[in-house]
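One line per chain: the protein sequences are C and D, in this order. According to my numbering, the stretch in the first sequence is residues 1 to 569, in order. According to my numbering, the stretch in the second sequence is residues 1001 to 1682, in order.
Quick caveat, the hints were computed from the structure, so don't treat them as lab data. In this text the structure is predicted, and so the values were computed from the model without any measurement. The C-beta atom is built at its ideal place from N, Cα and C for all residues, glycine as well. Honestly, I wouldn't trust all of these hints.
Okay, derived cross-link-like pairs now, DSS-like style, lysine-lysine, Cα gap no bigger than 25 Å in a straight line [what the hints assert, rightly or not]:
(1) D:Lys1410 / C:Lys420
(2) D:Lys1637 / D:Lys1092
(3) C:Lys420 / C:Lys567
(4) D:Lys1446 / D:Lys1362
(5) D:Lys1219 / C:Lys567
(6) C:Lys516 / D:Lys1219
(7) D:Lys1025 / D:Lys1219
(8) D:Lys1637 / D:Lys1017
(9) D:Lys1410 / D:Lys1450
Partner residues are not named here, just some residues of chain C that face chain D (Cβ under 7 Å, in silico) [claimed, not checked]:
(10) Phe52
(11) Gly54
(12) Val296
(13) Val398
(14) Arg405
(15) Ala416
Not close to chain C: a few residues of chain D, all C-beta gaps over 10 Å, as computed [as the list claims (entries may be wrong)]:
(16) Val1021
(17) Glu1140
(18) Glu1150
(19) Pro1380
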Amino acid sequence: MTSIGLAQIAIVLIAVVVAAIPLGGYIARVLAGERTLLSPAFSPVERAFYKFSGVDPAREQSWLTYTMAMLAFSVIGFISLYALQRLQAYLPLNPQGFGGVPADLAFNTSISFVTNTNWQNYGGETTMSHLTQMLGLTVHNFVSAATGLAMAFALVRGFSRAESPTVGNFWVDLTRATLYVLLPMSVVVALVLIALGVPQTLQGSIEATTLEGAKQAIAIGPMASQEAIKELGTNGGGFFNANSAHPFESPNAFSNMLEIWALLVVPLALAFAFGRAVLDHRQGRAIAITMMIVLVAGALVAYWAEANGNPLLTAIGVDPSPGNMEGKEVRFGVATSALFATATTGTSCGAVNSMHDSFMPLGGLVPLFNMLMGSIAPGGVGAGLYGFLVLAIIAVFVAGLMVGRTPEYLGKKIEAREMKLAMLAVLIYPLTVLGFTAISVMLETGLASLNNAGPHGLSEILYAFASTTDNNGSAFAGLTGNTLWYNTTLGVAMLLGRFAYVIPVLAIAGSFAAKKKTAASVGTFPTHGPLFIGLLIGVIIILYLLQYFPALALGPIVEHFALFAGKTF
Amino acid sequence: MSHKVAAPGLFDAGIIKRAAVDAFKKLDPRRLARNPVIFVTEIVSAVVTVFFVRDLVAQNGVAYFSGQIAAWLWFTVLFANFAEAVAEGRGKAQADALRKTRTDTHAKRLIDRQNRSGMTDVYEGVSALDLRLGDVVLVEAGDLIPGDGEVIEGVASINESAITGESAPVIREAGGDRSAVTGGTTVLSDWVKVKITAAPGSTFIDRMIALVEGAQRQKTPNEIALSILLSGLTIIFLIVCVTLWPLAIYSGTTLSITVLIALLVCLIPTTIGGLLSAIGIAGMDRLIRFNVIATSGRAVEAAGDVDTLLLDKTGTVTFGNRMADEFIPVQGVSERAFVDAALLASLADETPEGRSIVALAKSVLGSSTPTLGPEAQIVPFSAHTRISGVDLPGQTLRKGAVDAVTAQVKSVPVDFERAVERISRAGGTPLAVSENGRLLGVIHLKDIIKPDIKSRFAALRAMGIKTVMVTGDNPITAAAIAGEAGVDDFIAQAKPEDKLAYIRREQQGGRLIAMCGDGTNDAPALAQADVGVAMQTGTQAAREAGNMVDLDSDPTKLIEIVAIGKQLLMTRGSLTTFSIANDVAKYFAIIPALFVVAYPELEAINVMKLASPQSAILSAVIFNALIIIALIPLALKGVPYRPVGAAALLRRNLLIYGLGGLIAPFVGIKIIDLAVSAIHLA
């Protein structure tokens, strides 16, 4: 680890925090329906939307209606995206003349984009027509993130309201999150990326002559705009298969740092937005600090593991000073690659600027564990906040009892119903991740996709299911995902990770919103100080360590010890 | 305070013996199904037993190991059952004592209810069990009262020691706030006619027996929520263990079902799962030993959550009786005339205050004291007018709260107001006396604040509980006493409906209220409060309205009740934290043991350096079982509660039960492993 590397990590994270605080206030105002700086420009558009679609913005929904609206929107999104891919050969804007996408891949991809996962079992530049990319994938990059934001705010309203039968209006939340938050931010980030050299054109590809004199078609396109929402919406689906490692997606160190900033800033801002919405900034701050501690700890572990280099390569005379450079871009180096990997899995982004498969075992353990924790540091757009709040509810329940009161979080009593729903939500992860991993390692077809045997192979499968269940979408690589088995099971994992998780969460929102708010006193468990932060970190680590320790022991942990004993897989 | 209800020690030999037998009876899976964690443990114990038998028959060399695992898994279930049985056993001992009072009571049921005293009552002898609601029975000296009811006629002294443990007799009479009688108590002198208000089987004693026995024990709301968390964790660990089998095969190890089950039982929260119901029963039991009966466990939990305590000034903040200290006549009235009037107005007043006025007046007047003739019309005190007095020919004397009396007079002299103010500021109670609508003067009654009450209120404040003093005094008096006693707020000149309104307002603000009361007019407020403690000496209506009954009729006990409620919740939370934190060490023991053959590198995480894979697994299972036994005393006694803020409590408990829970099993498993390998168990 070098001081320059640490400084790079520090600069990016400080920039994230500095921007997230005001952005959080802004998002809270947007989702509360208040007037903002951008209202003069956007409110006519917003009103036109409501008028056109027949939505009464003043009419609020119960949690169930809200959930049904969200599900209906997602189902329609899924069907239209599936149809678009299957029929793209007959539709316009297909200059390369791609055929229809096969059924299982189209199924997987549709779920992937509707759930904000952006798991890609295909190479975008060789599979999807321009129409599919623009009308299908890019639209979902916006609205799937906005859906996440909306659902998070439904839960936030559960805390901020008292004795209320409603949790907001899904259509209004969706519209405002897209229009006032994601869209303007994407424009700004895209412009900066263009200035940094990211191509933005409607041209399909350019012809180049290589040094050997061969002709080569180099794919270009509207990359800067897709890049911006890819990070800001924690989507992660790149224009290229190589994602942000590709020089067109991220040409230099500065664009690299900007992308890390962009993928962290909205999720972290939501923690501050939460504080503003519940009228207690300290609550949001405590959550933000907890998220950042988990993120920084992960980044430092990954950086440390990568910076020490591979002992086997050192033994045969490779200079260890740049660290483990296998699968990393020279223009980024080890420090920001480790930070990118931690950030992209700490959020549910899933963009990559280096090959996680080539990380050292402990370096690879960090992104894997980040996703097994459900990406809560600071999490996907919306998904991070609501995932984090579910954990906070469980932590407060156990710890709250220890102060001699029936547990309450922000004045809301946590009773049997909320506990049942929270447990239903957290059960989804081990069930899906461990369940599918266990089945996959027992099946011929599951094992046939592996590039590596032994613990590393197990890590690859575990990573794939963690990534999809978590709606992250980053790939460990090394696993051939485009098979009937993986297309289907990974698709189901994405569905469960998103909807089976969030439906109980929205029910909690409804349940809390209907509850009275109990008054705080010195006898109330304080949820804003260092003690609470420490408690949250402890609960998060122990809870997830207990769930995944056996699997991790057979994957990255044993690989680590084996590697240092001179054994590879 | 008396604690004469049989209170056996924590580990009374008789209880232990009975509990050991009960632990086996409780193996019945239909009963265990109530407790998901232990139920799962029982099922997998049975499975391992089957494997043990198979190993024994097959003689494959692992029977010695699987037999020990099976035995310790059964011990885990039995220890959990034992914990519950011990907790219940203490209640059962008390129930037996109570039950004796219920058997074979004969009742004298009146046949002609219209019959008035003065004539011979006609009654028939029936069994107490045949009494119906509304029946009227005659109870005479030496009789047991056959059922709960209300005195409708007569007055008697009654020994209620069967319920309260207090042998001093109490007076019960028709009308007023002392009319309720309890079945099973004995009339010592005189007679009463009692209208039965509870059907046989649902009397106070019946309910008490059911409560202490835990027969009707229903899970409380928080207990249900915690059970859900524990069930959720159990399911998660089931998933972890079931999926580990294929992952192990992939990794080149075929795990036996026995070791997977050992891992499962070590991971699922058996410690808290096994102790959860014992904690709940012990919490109720602590309350009962404090001579407080809660009608539901829900009320005990709510007590832990109380934000505001509504305390009657008299008897709680101050000693019951205020004493007359000084007579202050207004200008133009002689002291002699004023004292005479005060004395006449108080002669019929049997309250301690009234008697203290009479006593002080007599000492002022010397021998020549006036008396009331037969023509005197007594005006009794009512809580509503807050005035009492006497009507003599040509002389209407009134005595009472200053604002109530001044409301009836034509003018209020300045020096009267000054005197009232002076008394009030000194924390005293001014009592105005008027004659024919003219103010004569003011009597200074002194309140004596209980010596230790201020520090108790400070402790409550540290717990985050607001204390509110309820008094009939005027605001100035109330403020002075409130300041001296250190309460946070007060309701002055309180009428019964003020209490109710205050409770409603606090509840609207999201606070939980506890109060105690005894009168019928307290009943609505008792019912509205989240924790309503009725005094045993109170009326039937009050006792029905509250959700707790204090057998000692000591209003300061609210404070202990709150502490007991908090202790119950804290014990649950602390043991849950401990139980979950324990799992980390068990992983470090078992995971390397399971996979060290396929991956010798994993020996690196065998940080405890346990002797062999088999002894590692066995030691973890033994630790898991023994920790339940080790924690039974804590579960029954409860985690000590200190009146400090929530943050300090949390820090302390996290350190002891969180960090302690992480570290303890590393030490414990290592010690057991040393023992296990020393005596060659594995």
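We went through each hint and held it up to the structure:
Among the hinted pairs, D:Lys1410 with C:Lys420 is inconsistent with the structure: their alpha-carbon atoms are about 68 Å apart, more than 25 Å. For the proposed pair D:Lys1637 and D:Lys1092, the alpha carbon gap of about 17 Å is at most 25 Å, so the pair holds. At most 25 Å may separate the alpha-carbon atoms for a hinted pair to count; C:Lys420 and C:Lys567 exceed this at roughly 45 Å. In summary, the hint linking D:Lys1446 to D:Lys1362 is supported, as the alpha carbons are separated by about 18 Å, within the 25 Å threshold.
Simply put, D:Lys1219 and C:Lys567 have alpha-carbon atoms about 55 Å apart, too far for the 25 Å limit, and the pair is violated. Between C:Lys516 and D:Lys1219, the direct Cα distance comes to roughly 23 Å. Compliance with the 25 Å bound is thereby established for this hinted pair. Under the criterion of a C-alpha separation no larger than 25 Å, the hint pairing D:Lys1025 with D:Lys1219 is consistent with the structure, at around 21 Å. A C-alpha spacing of about 19 Å is found between D:Lys1637 and D:Lys1017, which places the hinted pair at or below 25 Å, so the restraint holds.
For the suggested pair D:Lys1410 and D:Lys1450, the alpha carbons sit about 38 Å apart, so the restraint of at most 25 Å is broken. A hinted interface residue such as C:Phe52 counts as satisfied when its beta carbon comes closer than 7 Å to some beta carbon of chain D; here the least separation is about 42 Å, so the hint is violated. For C:Gly54, the suggested interface contact is broken, since its CB lies about 39 Å from the closest CB of chain D, more than 7 Å. Below 7 Å, beta-carbon pairs count as interface contacts, and C:Val296 has none with chain D, the closest being about 23 Å; its hint is therefore violated.
Against a cut-off of 7 Å between C-beta atoms, the interface hint on C:Val398 holds, since the closest Cβ of chain D lies about 5 Å away. Because the closest C-beta pair between C:Arg405 and chain D is about 5 Å apart, less than 7 Å, the hint holds. Taking 7 Å as the C-beta contact cut-off toward chain D, the hint placing C:Ala416 at the interface holds, the least distance being around 4 Å. Under the 10 Å C-beta cut-off, the non-interface status given to D:Val1021 relative to chain C holds; the minimum distance is some 32 Å.
Look at D:Glu1140: its CB is around 49 Å from the nearest CB on chain C, clear of 10 Å, so calling it non-interface holds up. Look at D:Glu1150: its CB is around 36 Å from the nearest CB on chain C, clear of 10 Å, so calling it non-interface holds up. For D:Pro1380, the non-interface assignment is confirmed: its Cβ lies about 42 Å from the closest Cβ of chain C, beyond the 10 Å cut-off.
Hints 1, 3, 5, 9, 10, 11, 12, counting from the list given before, are not met by this structure.
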